[in-house]
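With the hints as a guide, bring the two chains together.
Protein chains in written order, with my numbering: chain A, 726 to 838; chain B, 772 to 886.
Everything labelled a hint here was simulated from the structure, so no lab data went into it. Virtual Cβ for every residue (Gly too), placed ideally from N, Cα, C. Hints may be right or wrong, so weigh each one.
[To be verified] Chain A stretches covered by chain B per the calculated footprint, using a threshold of three residues with CB under 8 angstroms from any CB of chain B:
1) 737 to 750
2) 826 to 834
[What the hints assert, rightly or not] Straight-line Cα separation of at most 30 angstroms, DSSO-like style, residue types lysine-lysine; simulated pairs:
3) B/K808 - A/K782
4) B/K827 - B/K842
5) A/K808 - B/K825
6) B/K827 - A/K808
7) A/K782 - B/K776
8) B/K808 - A/K796
9) A/K782 - A/K796
10) A/K782 - A/K734
11) A/K734 - B/K842
12) B/K825 - A/K734
13) B/K825 - B/K776
[Stated by the list, open to error] Simulated DEER-style distance windows between Cβ atoms:
14) B/I789 - A/S798: 40 to 46 angstroms
15) A/T836 - B/Q774: 27 to 33 angstroms
16) A/P764 - B/N798: 23 to 29 angstroms
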Amino acid sequence: DGGITQSPKYLFRKEGQNVTLSCEQNLNHDAMYWYRQDPGQGLRLIYYSQIVNDFQKGDIAEGYSVSREKKESFPLTVTSAQKNPTAFYLCASTFLNGANVLTFGAGSRLTVL
Amino acid sequence: DQQVKQNSPSLSVQEGRISILNCDYTNSMFDYFLWYKKYPAEGPTFLISISSIKDKNEDGRFTVFLNKSAKHLSLHIVPSQPGDSAVYFCAASANSGAGSYQLTFGKGTKLSVIP
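Chain B on its own, in the form it takes in the complex (with noise of 0.2 angstroms):
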């Protein structure tokens, strides 16, 4: 059963517009939310995170918005560069106990920025 489901496997959008990924979990524990990013034959780099007591995060191009109610959560790329082409991952993390930390991750959104 996936926890962390991200539907769209890929995503394209022009540059300079607005890119929106989108993030879906079923686990009311998660707590913690983050998004990373991904280049071919590369490590996933940590992008912008979240806690569940906001709703909104922002870093630069890059802003992550929270509904706990709808347990979704979307990444807003403004304004999209062709070095933002990558997968995107979702993970979330459930606060399991002292010492305890997993994430639990996304498949992935491909996103490509044309030029």
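With the rest of the complex left out, here is chain A (with noise of 0.2 angstroms):
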């Protein structure tokens, strides 16, 4: 079955530490994006990418970092700037020829310590 893998899905971490999530897409899709929720907040876009080696911020950038080195993998990371990381991290993709449904992974729970 295709789709979104994203690992892992529950993650505790001390303060200072850099941490890297995972998102795996088999959907052959194009754009890969990563989002934050937080409650009451909604979904807020952190990262986006439409090409292999290529990746534009989105609204809440500062404090992560991201690569795509493969069509299929877009991992994301928060490093110890990211001044209030514990969150729910959910990332998607989709094709890019015209309006089209971003397909969501389950998301990681980020806890920090």
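Dropping the structure here:
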């Protein structure tokens, strides 16, 4: 079955440590996205990538970094510079031929202790 | 500045009745609108969409209405079922150029369908 796989589902880290969240898709989608969800805040865009080796900042990119070395993969690193990293992180992807539906992964819950 | 607004954080409806979820937007460049449904600790799943060239789109129990002049859309669920209890997100996109596609989300409305 095609889909988006995010790992790990739950992650605990100490303050000051960098953390990398994995996102893999086998849908042959062109574009991939990272969103963050906080209670009462909806989904906010962190980074997105439309082609391999290229990505753009979203609305809340500070303290995060990404890479897009392969079409299928778009890992997100939450760095120690992110002031409030505890959140639910969602990866999504879509084709780029016109307006399309984003398909989301199941999410990763990061808790910084 | 919030471009997509869902002003009702929560809504409770009796099973079998109609659920109406509302969404307002401020960006006149938005030309495609979507509704997503989300359960706790899961990713959002696509529910229904509408293009700005239409004013209504229906899919089974779900209907989305778009009023462009008012910059308002609504999602109707009839009849509501307990399994519809979830958070519903309104999202919008603008045709921002070749190969560029982004969704802007509202903050969500938590729907509770009471048996």
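Checked hints:
1. 737 to 750: This one is violated; 0 residues, fewer than the three required, reach chain B with a Cβ under 8 angstroms.
2. 826 to 834: holds (count 8)
3. B/K808 - A/K782: holds (26 angstroms)
4. B/K827 - B/K842: Judged against 30 angstroms, a Cα distance of about 14 angstroms means the pair holds.
5. A/K808 - B/K825: Between A/K808 and B/K825 the Cα gap is close to 43 angstroms, so the pair fails against 30 angstroms, i.e. violated.
6. B/K827 - A/K808: violated (43 angstroms)
7. A/K782 - B/K776: OK: A/K782 and B/K776 at ~22 angstroms, within 30 angstroms.
8. B/K808 - A/K796: It holds: about 27 angstroms lies between the C-alpha atoms, which stays within 30 angstroms.
9. A/K782 - A/K796: holds (18 angstroms)
10. A/K782 - A/K734: Given pair A/K782, A/K734 holds - Cα atoms ~24 angstroms apart, limit 30 angstroms.
11. A/K734 - B/K842: Answer violated: A/K734 to B/K842 is near 37 angstroms, above 30 angstroms.
12. B/K825 - A/K734: Violated - the C-alpha atoms of A/K734 and B/K825 are around 39 angstroms apart, more than 30 angstroms.
13. B/K825 - B/K776: holds (21 angstroms)
14. B/I789 - A/S798: 40 to 46 angstroms: holds (43 angstroms)
15. A/T836 - B/Q774: 27 to 33 angstroms: holds (30 angstroms)
16. A/P764 - B/N798: 23 to 29 angstroms: holds (25 angstroms)
In this structure, the hints that do not hold are numbers 1, 5, 6, 11, 12, in rising order.
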